[in-house]
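Based on these hints, arrange chain B on the given structure of chain A.
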Amino acid sequence: MNVNSKPVLEEPKTVFFAPISHPSPGSVGKTGTWRTHKPVVDLDKCTGCLICWLYCPEDTIIRLENDKVSIDYEYCKGCGICAHQCPFDAIQMVPEG
Amino acid sequence: MVVKTLTGNYAVAYAVKLARVNVVSAYPITPQTTIVEKLSEMIEKGELNARMIRVESEHSALAAVYGAASAGARAFTATSSHGLLYMHEVVWWAAGSRIPLVMAVVTRAIGPPWNIHVDHQDILDQRDSGWIIAVAQENQEVLDLTLQAFKISEDPRVYLPMMVGLDGFILSHTTAPVDIPDQELVDSWLPPRRQPYIIAPESEVVMGNIAPDEDHFMMRYSMAASMEAAKKVIEEVDREYGEIFGRSYGGLVECYKCEDAEYFVVIMGSWAGDAKKAVDTLREQNVPVGVVRIRFVRPWPREKLLEILSGAKGVLVFDRAVSMGSTGILFSEVAQTLYPLNISLKGLVAGLAGVDVGPSRIEAEILKFIKQTEEGAIYTPTEWILPEKYAGRYPSSPKEVIAK
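Those protein sequence lines, which keep their order, are chains A and B. Using this note's numbering, read the first sequence as starting at 1 and increasing by one per residue. Using this note's numbering, read the second sequence as starting at 1001 and increasing by one per residue.
One chain only, chain B, in its complex shape:
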């Protein structure tokens, strides 16, 4: 084990190297580029025995590793924002083909207007595709999740590709000390690549041709079953990783000061750190609040959330992505999960395009929500925390704009 100060992007690259991938494809996009840049350097220096494929677009970047993976290679690529949207068709091909594959997504806003800062609109746009989708909070977790992604994706109970999300710039370009596990230990923990079929010149297998409607239907059904199975695999991998490498994160969700909490913040990504800081301050004032950090959006941790939140008085969801014409994306997921419970529920859309929301603002929103709930349970699907520059000039609910 060795500790280095690494950016989130370099943490991804070190994990990919430890996983001994065979093929990397690369197409640059901010803020992803330094991942494949670092991997290219590792390959050039002979530290990683892999083939680097430079492609002409992100559509090809994913197609290249999807093809390599179908042929039996452990393969990896990375992207962000518009690059991910350009890949979208191949995202579905890879999942539907049941080909294990790992991709890092450095989360970034989608234009127009052009913007390179963090929100979760890009990665959540892939929500329904059949990829396992996880989002990290900090750089150490980025490395650990990327490494675990290979094991989860290649598990015969799963056989689905996996995306590892890390927040643009806040993680991707910020350095922090990161424990890099020993190669020998990783080799003994991560088995050789497994997959359900291999497409090679000598194998008489055709993938993706037209199938009867009923068989197409059942392929969707079998993906849903594997997503359910993945929940158990994710928890298992998190546990055994903890035993071997000393770090566990709680599997599908991380609970922070949940034990005796009555109110909960549900949040995902790097700003969960701000939420934890807000909770620390409120705990000093004996406010019974905890943080539930969503680590895996897919499979959605329904059972675990019901277990954690069943005794809650209120749940406040922070969303860094919105479904236009509806609510924040995490909010709709949380709301359908908590339907059997009769608790106060509120969704906040904030932090889009990297607009900063610090611990003090989160603290204030928690206190406001508790006060509202104490006057009677509320159900507020969507309110927006407007940037300081515009706050006060516009109502916090887009609905009120119409009312005026």
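Next comes chain A alone, as it looks inside the complex:
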């Protein structure tokens, strides 16, 4: 039996700046403002394959109940990967503004 197998969390006793963070939505602000082009989903063409949902690097594709998708525009940076990957041409990049 290894008596020391359970580690104990204990607060550091000196000035301590740990190189860790606790990720949460929007911790660096609303990244949607970075966009120059926004992805627009054509739900008639969308088949619910979820390829875009898999590829989105920012987790901003919202999976709807029928597996079709919409976009979280507060955080989508407009990289265009979803539009590039969509096998059904269901996502178009539209200039902002």
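Since the hints were derived computationally from the structure, they do not count as laboratory data. Just so you know, not all the hints are guaranteed correct.
Said to hold, decoys possible - Per the computed footprint, the stretches of chain B lying under chain A, defined by three or more beta-carbons under 8 Å from a beta-carbon of chain A, are:
no., segment
1, 1090-1102
2, 1191-1198
3, 1206-1220
Note that beta-carbon positions come from the ideal geometry of N, C-alpha and C, so glycine has one too.
For chain B alone, coordinates are given in the frame of chain A:
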């Protein structure tokens, strides 16, 4: 307690077993290999309940135990020379992450040309990384230091990884009687592992992502503060270890015949034994000389050295590692420490790549230094003790080569 004749490497393995580590990673390199070999045997026999991870490189060896330690395991690995250099990036990651971890470094020269013998170039290459760095003189101390390393590294005032250095072959492959403490006593002395955060699948913690410049700056500041705190922890652990297990070494530095000494040799590692022998002989001739053995290079024992050396007439530093284009590495540390004092100071680079420097040579250098100082305080940052094969054919100071 039981006494066994152990090599320095086996002394490390027994200490790691007594500390009940959970994870060991292993990549072979001379002269380290028999440490992880012995640990593997202990795990295989069921004497140590730990997971052995065999990896494809030293970079991975340290990364594996760093990951395990981040997840809450008491973890250990060992390396030497080129292996340590290959780990260098992860050395910094582990320290910057403030993850308690212990690694043995069997000190060995760095190639080219290929060489497997002792010097301190490899371990001192890690000097600025934020690891606590200690170097032992003999096998018993190797065991005691390795065991203490877990307690020091996991102390909430410290939370920094620690390297235990032992000289290649001179300690690693040479047997000596070693007291092995009772497991029960170790269990009562060494608390369960403590750490500042745990990275596990269920913990919402991200380590190492990009941080604002000011926060990065303050992380360095907090490491420096913990290094200062570590000085006290090291002294404490050395003292309490002495009370419980009967052996104390003086904490950050060991003083040998220092009390009434006027001249001091500063030295680190196994050849401190040769220096002590030289001092014994000189003491018989009433030469007032002592040995200050550096046990911890990081944190650097500034206050303690100032206290010990404040009344000295002269300090002679022996270095087994050199910073190319400058001086021996210990010399530069000693010189900046003694800046407030006006004493005679000399640095000698010797013993690189395992070239032997025995007690009689150290004795002669001490007498020469005393004679020079008596004619007026000197400041000689670097002289080289050349191997016998080349002595006399080349000047002892590389500077003189240019002058010619």
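Against the structure, the hints:
Closer than 8 Å: that is the beta-carbon criterion, and the segment 1090-1102 of chain B has 3 residues meeting it against chain A, so the requirement of 3 holds. Remark: the segment 1191-1198 of chain B is confirmed as covered by chain A, as 8 of its residues place a Cβ nearer than 8 Å to a Cβ of that chain, reaching the required three. Only when three residues or more bring their CB closer than 8 Å to a CB of chain A does the claim for the segment 1206-1220 of chain B stand; here the count is 8, and the claim holds.
Checked against the numbered hints above, the structure violates none of them.
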